[in-house]
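Listed below are the residues making up each chain.
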Amino acid sequence: MAEPLLEIKNVTKIFGGGLLSTSKPVVALDGYSLDVYDQPARITTIAGESGSGKTTLVNLILGYLPPSEGEIRYKGINLHEMDRNQRLMYRREVQAVFQDPYEVYNPFYRVQHIFDMVVRNFKLGTNKKESRERIEEALNVVGLRGEEILEKYPHQLSGGQRQRVMVARAYMLKPRLIVADEPVSAVDASLRAMILDIMMKLRDEHHISFLYITHDLSTAYQIGDEMYVLFQGVTAEKGDTAQIIENPKHPYVQELVNSIPAPDPEIKWETDIHLPSEEEMRMKYARGCRFFPRCPYGMDICKQKQPGMFTVGPQHEAACYLYQKQQEEQPK
Amino acid sequence: MEQKKVRRWNTWDNPWLNTKFLIGISIVILVVLFGLLGRIFWNVELAYVGSSPLNLPPVWQGGVPEHPLGTESNGRDMLAQLIVAIPSSFKVGLIAASVGMTAGLVLGSLAGYFGGWVDAVIRTLADAVVTIPTLAVLIVIAAFFTMRDTTSMALILAMFAWPGPTRIVRSQVLSLRERGYIRMAVLSGERPFGLMFREMLPNMLPWIAASITGNISGAILGATSLEALGLGPTRVPSLGTIINQAQTSSALIRGMVWWWFPPILVLMIIFTSFFLITTGLDEIANPRLRGLNK
Amino acid sequence: GGGTTTDEGDMAGEETTGEETVAEEEMAENPLDYLNADREDTLIVDKPGRLQGGDNWNPKVPGNAVGWGMAQLGFESLMILNYETGEMMPWLAESFEGNSESTEFTLKLRDGITFYDGTPMTIDDIIYTFELEMATEGFGGHFTWKEWIASIEKVDDLTATFKLAKPNPRFVLDYFSVKIAGTTLFLPKHVWETVEDPMTFKNFDIAKMYPMATGPYMLGKVSENEVFLVRNDNWWGYKTGFQKLPEPKLVIISYVGTEEVRTATAIDNGFDVMEDITFGAWQAIQAQNPKWEAYYDDFPYAVPDPCARLIGLNNAVEPWNDKEMRQMLNHVMDRQQIIDIAYEGTTTLAPTFWPSYASMQPYTDLIPKDKWEAMLTPDLDKATEILESKGYVKTGDYWTKDGVELSLEIQCAESFSELERIADVFAEQLQRFGINAVKVKLVDGTFYDNSNFGNYEANSQWFTCGSVNEPWATLRTMSGEGAPIGETPQGQQNVYRWYNERYTEIVNEIGVLPLGDPKIMELTAEALEILYDELPALPAAQAKKLIPNNFTYWTNFPSAKNPYISPWCWWTSFVVVVVNLEKATN
Amino acid sequence: MSTINTENLILDAPTDAKKVLEVENLRVQYDTPRGAVRAADDVSFYLKEKEILGLVGESGCGKTTTAMAILQMVQSPGRIVGGQIRINGRNIVGIPESELRKYRWTELSLIPQGAMNSLNPVIKIKEQMADAIRAHENIKKKDLKPRILKLFNDVGLPERVYNMYPHELSGGMKQRVCIAMSIVLNPSVIIADEPTSALDVVVQRVVAQTILEVKERLGVSMIMIGHDMGLQAQMVDRVAVMYAGRLVEIGPVMKMFKNPTHPYTQLLIEAIPSIKEKKPLKVTEGLTHDLRNTPEGCIYQFRCEHVEDSCCNEPPRMYQVGIDHFVSCRHAAERARSMELLGGYHG
Amino acid sequence: MGGLTWNYILKRFSMFLLTFWLGSSLIFIIPRLAPGDPVSAMVVRIVMREGYMENAQEIIESWKERFGLNDPMAVQYVKYLGNVVQFDFGFSLARFPTDAWDIVLPALPWSIGLLSVASVISFIIGNTIGALMGWDKTPRWLKSILPFSLTFTAIPYFMFGLLLIFILAFKLHWLPASGGYGRGVDPGWNWEFIKSIIRHGTLPLLSIIITSSGGWALGMRGLMITANSEDHFLLAQAKGLSPRRVFLRYGVRNAIMPSLTAFALGLGGLVSGSTLVEFIFAYPGTGYTLFQAIQTQDYTVIEAVCNLMILITSGSVFFIDLLYPLLDPRITFKSNK
Ligand SMILES: Nc1ncnc2c1ncn2[C@@H]1O[C@H](COP(=O)(O)OP(=O)(O)OP(=O)(O)O)[C@@H](O)[C@H]1O
Ligand SMILES: Nc1ncnc2c1ncn2[C@@H]1O[C@H](COP(=O)(O)OP(=O)(O)OP(=O)(O)O)[C@@H](O)[C@H]1O
Ligand SMILES: [Mg+2]
Ligand SMILES: [Mg+2]
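Chains as they are written, first to last, in my numbering: chain A, 232 to 563; chain B, 243 to 536; chain C, 24 to 609; chain D, 19 to 365; chain E, 6 to 342.
Bear in mind the hints are in silico, worked out from the structure with no lab data behind them.
Take every hint as true, because none was put in to throw you off.
Straight-line C-alpha distance at most 25 Å; calculated DSS-like pairs for lysine-lysine: (1) D:Lys276 to A:Lys499; (2) C:Lys131 to C:Lys267; (3) E:Lys69 to C:Lys169; (4) E:Lys142 to B:Lys262; (5) D:Lys68 to D:Lys37.
Computed from a predicted model, the values in this text were never measured in an experiment.
Whole structure, please, built from the sequences with the hints as guidance.
This is the structure:
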């Protein structure tokens, strides 16, 4: 396979415990690795329960936070060793769309401001007319028109419009990768479809890859190509989206998929589910599997060492000792 | 599908048309106008020592129409003094508050935005300055600079007015820093300067506006206290110097109400109007409050 | 016990034994019992300033509190100068006289002087004080005695002879007569001998009757704002028949706060004697409590203080090094307005460098008449004329020369509001005339430093102070070579940095002439001729002290009608006032 | 204005169960300087004994406002401008505060939106629980603890929570504290405002189960606000759909999911992403209009596929289309009725 | 609550030391920047009383030598740092041979006593007024009256103090006008003395309280408005709690934290007294002591007062930083979110 566009190598992020912090250290990501390829453009989903480190990952990739350990490489260059030009290039090529479509607007300025910043800082367009054209074009891609949007204040837009403007903003830079952190979880069901549709369009027609962060497996299922399921800072399962959801291997992912409420009043949740108490979860299995306290299949080995990734199918791996044998039995 | 035309905002929708805010602003304007227009209609030379007869009561207590509000025992006309004093006190308040606030904004922004040692240095400095007696600094300054007018006085007050705003701005920046639009601006290639002043600053405006009013009254009072201790320029009368001189000349016990009461009344009016402005601004910035005092 | 039978006539008529019985009845077992004396037996003295270092009663170190009553009523002076007569009245001394060259002075103490504990005061105590002071560098008189005194010889228990290093006709006047406020205070040898380090000795122990002194009162209690002095019934002055026993059993020196509060306290009879107050306050008191009386019944009400007030000029800086420019300022100065506004009329118009006392009148009369007259009213035309001749033009509000505004910065000491008000008024007069004058207020230390080192243009001050009954002390302050800016002039003389050779000569000449020598008049006239032409400083006003007295509980305060002694309650001479007080008979 | 005729709704409701809560023509508006925001406009519905009513709708359509109006706690600058709210038959709109206090929590309790911020961060959990009890009962100190612990047990919280501060709890635990708190006084109606929206699916499922359990045991009626249609399908008996401050459809959950009547409801149901099959996303042009300028006529006219001229002129009223099932669209009602005549539903 | 780590404490502690050092150094430098010195100031005082002074220059030199004022600044500074470490500043330069502490310490209880009572009361009154102004259930009549109580804040409190003296002490004779206690009473633990202190303290207290409550009120009003709109406040109302309880436990309790911080930061001010109040009421506190020390350039007394003040201020900042996470669980909550 070609060289990955974005490489995350053994990244660990620890919060707190630092110089001025009052809290105990929290390991948000633990030796986490991830490769994002972009030929052809694809949508890579990162899923996982709340607090599993998804947003932290986004913050690391976008450079809002430095990793505690490990490195992030873009086109082979370490993010924290980039020079000025490389940084600018990186900012252009890796863009983001966030969860809350209201928060990302400075309430003080008109919508135009969002585009002005980009035009000014990345020198898009040599004159007013040219940049305006580029803005229009970008808005058209997401099905909006400049005159109905740009002069308004953010609160005058609907949620869907706001989110689409953000996509247009990212698109305008013609990035290679857009990091979308829960882009649809705050919008109305009907608008959700529209945003996801635009994402697919950008992937297919404009060859922009996405890192789609969500805890909603059903949307991932609809648009995603590859999927990583995170659990407490480590990958539990990765592979083709459809495969994972249709045939989850890791006990956690199974639990997750089972918990998705069926949108059908006739199909109720099957069994009751019980989570272990906080203490149990907090108990340190120093090097053991993170899921062990909740796992119905817990084995002795699980207490000792965090399992590595075991192949469970074509392009499908799970971090669970259940599949250790399986892998050993059918070596590649 | 045909779109219905959405009605434009009603002109009366403007949140700045807040009654309290407007009343406050009008009082301030009236008071300032009194000072500014007074110069045209009244001879402000009478505000200086020895320009008028001594100790005349106001006209309704048997004074003379040449000095309608009476005179005090340095031979100054009270009306002229007020005309000169109001703008000068206002000036002190405005300059001290705005310089102090600006310094607080810049330092607080730097501390909050960059954190680390910048933060440590600024915080330490702010804490240390709070403990230094204003008087000591004032005396040093008086030894080197001639305090010819109220501007220097205001600047000195400003030197002590920044730690408060710095602390507050710092915490504001700390929370603003996490806002989505700041992250978006970073993604858009904005540099720290742009982030601090283009993105964050406007969003602190309501707060800035609200606290600048408080700081102005504070600075006017601060100046008054310094003048009461006899520090500060004296040729140009300010509300503080009038009160101070009234006090040292035993105006109270001499029954010269016309000497000590007007400046206090003006101070109270100024304070009230600023309070109204602050409340109004609060309501403008925070829609939840609008019904609160109905 | 409000005994009202203390009329002098009554006492004179009593037999000696009878007198003793009366006195015995009034006397307390323990002087500290007087702390609970009734209001009628108490004299309350106003003190406008807070007591600090209230545990320090060592009269020779600078930070002491003896000014709170002990200097006045505890320690006593050898002589006391009477301003009215210009004569010195012997107090602790029986006599203190010099030879004709003024190089040797002989002191004879009164017999029977005792300290509080009964120990007699002898010439040994006096000599001990001088020796201790000369040996201790930090003591107040250290440098003075080293300069003047060559040796002291004890003649007998009450007599000693002082040999001076150089002639000084004013030796007794300047140091032992309460010429201005203070005098030399003497220490009991038997107490101080036992002290380890006299510099850090605080001399404060009420049980041991420290500070040990000889006067009619001793320290009874010190609180945060007040000092209580109780009567020493064994006072030598009473025992020896030199004076009567003062009637107040308790004297309280009391600080109550700002002038407003002091005024209100006075109205409420909270004081019997006040230090200086403003005219406004006096009006309020007079209107609300007619028992209060000032020194004069009418304007100026106040007594002139011995230090005249002036605007000092730095004669070493442009353009004030030019005599005509100084004269120009003099023409602008409206002295009557200064009196009317800064003093609200409580002082008199007299442009002298010394106080306008009766004792100084002969010398004041020597001032050239035309100069004197000219100083009584401002003359702006003359001032304009001078400025124009110097090439100044009036553009806009101010006079300018080569585009530079003519300005003047008048420095004042922070804690001296009287001088500040003069500066205010004068600055205003200059402003109106077109000179950009401002008043600058500085802390005392800075003010003094600037004055010494010449870092000023003009200041509002009183540094020609000194003469009260002869002219030399004041004339001297402007003599000598002015030090260059940045250096201190010799002996603090001539901070104006003005130098006139002839003037200095004259002053030196007067300095060694014995008091009362007729040649002094002649020389003084010549000196004044120079001085009033050159005007190194501008006399601005006579100082005033408005010191009202309350006749509710006590009478016979000194006043213009009854001027038996200067009325200042903070001077060492105050003991004379207290001894003469009489209980009011309602 | 009040052309909506809701008589139908109340009179025709064929129900044997007792109605514990009736909301009639509720109108709430927020007065802003830019005009009144009509956050609840002519909302009418009822809640039967022991039933869970789901209230769904896009963000900002007035769900929370309606809930708060029921509690008589609309926050300034909002106010109730019309309508009635009857609890067990008694109208509580406009009764004095002191009277209201007697209803609060004993009759009506609330599981607030975002448990994160609904617990006072500086007071211990036990105190916050006890406050609710003490406000309505004279309870002995020693009885307090067992009672609270029993509640904890009911919702599956460990005992140690008793002595903890809110920040020491996880989101799920906080939510359960809120649930426990809502049932301390056995209210007849619990309003749950998006009780699980901040939680991930696994925790959400646990919390949802707790709520159902509690409800079963206590036999209370509930209003479940939410916008996750999947969760609604799992939990509620009836669903009410709001759009821009109006109730557009209300009906039994089966019918709503299998046979949605109102175009907006249809859209909501169709847009539910599935994990069963990949299907093309249904994209509609969406435009949220400003609640300040409600159009004349139907509220949904700008987005409706079936919009007709008449829709723009006259606001629709509530039409009954089945048992406990009403829709506020004439066309939809007609369509539904004709389908019913054809016997097309009752799945 | 294991929020505190050693690392954190150490870091805070070094901040504390840094602040302390910086403040101390400023206090060393600033008074020395002005020309003149305590000795010259002393001489002026004498000259002022007595009109003239013989041999002033020699006296000045000799005293400067004695006080080490002729040493190079660096030497003085090092000596000073030594003094700071021992918290002993030596003799008062203006009141030799009284120790600087002997001047400051007797004044300290008065200032601390008066100001702590005054600040606590004005804190309570001010915050109550502010909280009521920011609360939506406050009776309307009360709400319309409260702002008027704030206008007193606009009166300079020395003027207000004087007014009080005139009305209460001199016109009505209800309370004594000045001083710390009555003339006849003996300091000590006796009822007479305590009663006298209270009577004498009332007027200064009143003038501080009335004029400074407004500041608290203004701040609290804003905080209360924010607290009012928080979800838990609404929930408390929904729980049917009595308005009073909602107000206190769910409103004030939450809004008070920033005010408390400000209060703690102001603790340093207790030491430095309130110059003007002491001036007007002849109250024997440190404010006037400091004022006089500054006037007389009495470096050691300034240093003693200010270092104590710096110590208390930076110390309270330090303790707030340590205590805050414990006092206000929200802090830990926030950093964990
Ligand atoms: N700034 C921070 N300081 C301390 N801890 C943090 C910080 N940011 C995140 N964490 C912790 O790191 C862990 C991962 O958080 P993160 O926000 O990445 O989760 P997430 O997967 O995005 O969750 P969600 O689905 O709720 O958005 C959590 O335990 C969180 O408490
Ligand atoms: N204080 C307020 N001032 C003005 N408008 C308000 C206020 N509070 C709510 N609104 C408006 O009222 C409408 C309904 O708000 P509400 O909170 O009831 O919606 P919701 O359906 O609960 O939304 P969500 O799903 O986001 O919780 C919104 O359009 C909102 O903008
Ligand atoms: Mg996240
Ligand atoms: Mg809501």
